[in-house]
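Visitor: The primary structure of each chain is shown beneath.
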Amino acid sequence: MAPWRDDLYRYAFWLCRDPSLADDVVQEAMLRAFKSLSSLKDQAVVKTWLLTIVRREHARVYERKRLDTRDIDDLSAADAALIASSEDTDIEDMRKAIFELDEEYREPLVLQVLMGLSTAEIAEALELKQGAVLTRLHRARKKLVERVSPALGIVKE
Amino acid sequence: MDCEDYRQRIEADPAWIDEAGAAHERDCGACAAYARRLRVSERLISEALRFDVASVREQDGAMAAPRRRRPIGTTWAMAASAGIAAVGVWLVLTFLPSGDPDRLVAVVQDHWYHEPTSWVQTSAPVNASVLETALSGTARVDLERLSVVSYARSCLVNGRWVPHLVVQGQAGPVMLLLLSREAIADTLPLDLPQEGLHGVIMPLDEGSIAILGDDDESLEALQQDVAAAVEWAI
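These protein sequence lines map, in sequence, to chains Y and W.
If you read the first sequence in the working numbering, its first letter stands for residue 1062, the second for the next number, and so on.
If you read the second sequence in the working numbering, its first letter stands for residue 90, the second for the next number, and so on.
Worth flagging that the hints you see were computed from the coordinates, not collected in a lab.
Possibly wrong hints are sitting among the right ones.
[Unchecked claim] FRET-style restraints, in silico, Cβ to Cβ:
#, chain 1, residue 1, chain 2, residue 2, range
1, Y, Thr1150, W, Asp231, 30 to 38 Å
2, W, Arg139, Y, Glu1164, 42 to 50 Å
3, Y, Tyr1123, W, Val209, 48 to 56 Å
4, W, Arg229, Y, Glu1124, 47 to 55 Å
5, W, Arg270, Y, Glu1164, 23 to 31 Å
6, Y, Lys1096, W, Val209, 36 to 44 Å
7, W, Val209, Y, Thr1109, 31 to 39 Å
8, W, Val209, Y, Ser1100, 45 to 53 Å
9, W, Ala121, Y, Tyr1123, 42 to 50 Å
10, Y, Glu1124, W, Ala213, 18 to 26 Å
[Said to hold, decoys possible] Here are some, though not all, of the chain Y residues that point toward chain W, as calculated from beta-carbon distances under 7 Å:
#, residue
11, Pro1080
12, Leu1082
13, Ile1114
14, Asp1151
15, Ile1152
16, Met1155
17, Arg1156
18, Leu1162
19, Gly1177
20, Lys1203
21, Val1206
Everything numeric in this text was worked out from a predicted model, so none of it was measured.
Glycine included, every Cβ here is placed at the ideal spot set by N, Cα and C.
Throw the hints in and build the complete structure from the sequences for me.
Guide: Here it is in structure tokens:
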């Protein structure tokens, strides 16, 4: 159970960019998942099922608490600690760059790279057309490369 | 396919490759170099997203205590309920038919179609630095125990970047995917009869290795050689 629970926590964190809130979202999502287990008939779709629950719970939390979207300049101590939790400064820079991405770019990237969803699955989860997902993924990486490349010695041609 | 099309496509999915993309990458040195660099940054993206959850929770618990408004009793009750729910979810999922090994088999078999240019019979080994880059941080390979490694690349398989190697077997090229984080209980068969290919995903310590070769390839001997040659580096 631990591997997917950790990935759900990571997904929740990258949605809200707040470790405490991510914890709340995952806890609430687990309770909801438990209550609606009877609706799950096929384990092959368990990952997307749980992702959908976490995503909805995240939206609910924001609605309920009327939270504002986060800015990189508003990093809490916990956020800063998470970003700097790697000893590798390249990873730290990349984490910061991902943190700064707009949600519309960050979420499909997280779903693809972290959760291993295909572009078709991402399109379904985010209720977008596949072309829009490809565009967002392309733009997300373009922004990350532009921001992090100089530090890595990568020159954008 | 021109440079802009190619770059847009690989920026959307660095593991993507089709015939037109492979041809463009072969013919355009700048795009091939760009793709290599993009794949380096992709590894960083993946590492950056996969932070260590336990240590973050621990740090957050220490830092966030004063600003949490929920009463301690409520927090404990909620955590306990969520914990019980998580165990419940796990128990139920454990007794549902598992879809994951099937998915892994499907993803591995599908991956064979991604890199058609790798599937050649040759005696030329891949450049040592290319092999090193593909393996970096994942595995060490004792080349003395394998025949010629003719192709090496880091590929996105089932959501993780893994070394994709091609070795030259007795009956032709053989695809190896070093799945260091895909733990499986038993050997899983691979079968692509329409392509005349067969293989296995075999467990190796905490990970597994996919081996896919010609129907005439002896899998037993290959499995032994590969298991002896590969050691996880993580």
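Visitor: Next step is simple, just say for each hint if it's right about the structure.
Guide: Checked hints:
1. Thr1150/Y to Asp231/W: 30 to 38 Å: holds, 32 Å
2. Arg139/W to Glu1164/Y: 42 to 50 Å: violated, 19 Å
3. Tyr1123/Y to Val209/W: 48 to 56 Å: holds, 52 Å
4. Arg229/W to Glu1124/Y: 47 to 55 Å: Once the Cβ atoms are compared, 50 Å apart, the range 47 to 55 Å for glutamate 1124/Y and arginine 229/W holds.
5. Arg270/W to Glu1164/Y: 23 to 31 Å: holds, 28 Å
6. Lys1096/Y to Val209/W: 36 to 44 Å: Violated, at about 54 Å.
7. Val209/W to Thr1109/Y: 31 to 39 Å: Once the Cβ atoms are compared, 37 Å apart, the range 31 to 39 Å for threonine 1109/Y and valine 209/W holds.
8. Val209/W to Ser1100/Y: 45 to 53 Å: holds, 49 Å
9. Ala121/W to Tyr1123/Y: 42 to 50 Å: For tyrosine 1123/Y against alanine 121/W, whose Cβ atoms are near 43 Å apart, the range 42 to 50 Å holds.
10. Glu1124/Y to Ala213/W: 18 to 26 Å: Violated, since glutamate 1124/Y and alanine 213/W (Cβ atoms, about 60 Å apart) do not stay within the stated range.
11. Pro1080: With Cβ-Cβ at 4 Å, under 7 Å, it holds.
12. Leu1082: At 10 Å from the nearest chain W Cβ, leucine 1082/Y fails the 7 Å test, so the hint is violated.
13. Ile1114: The hint is violated - isoleucine 1114/Y has no Cβ within 7 Å of chain W, the shortest such distance being about 10 Å.
14. Asp1151: Where the cut-off is 7 Å and the nearest Cβ of chain W is about 6 Å from aspartate 1151/Y, the hint holds.
15. Ile1152: Holds, because the Cβ-Cβ distance from isoleucine 1152/Y to chain W comes to roughly 5 Å (cut-off 7 Å).
16. Met1155: Status holds, d = 4 Å.
17. Arg1156: holds, 4 Å
18. Leu1162: violated, 11 Å
19. Gly1177: holds, 2 Å
20. Lys1203: holds, 6 Å
21. Val1206: holds, 6 Å
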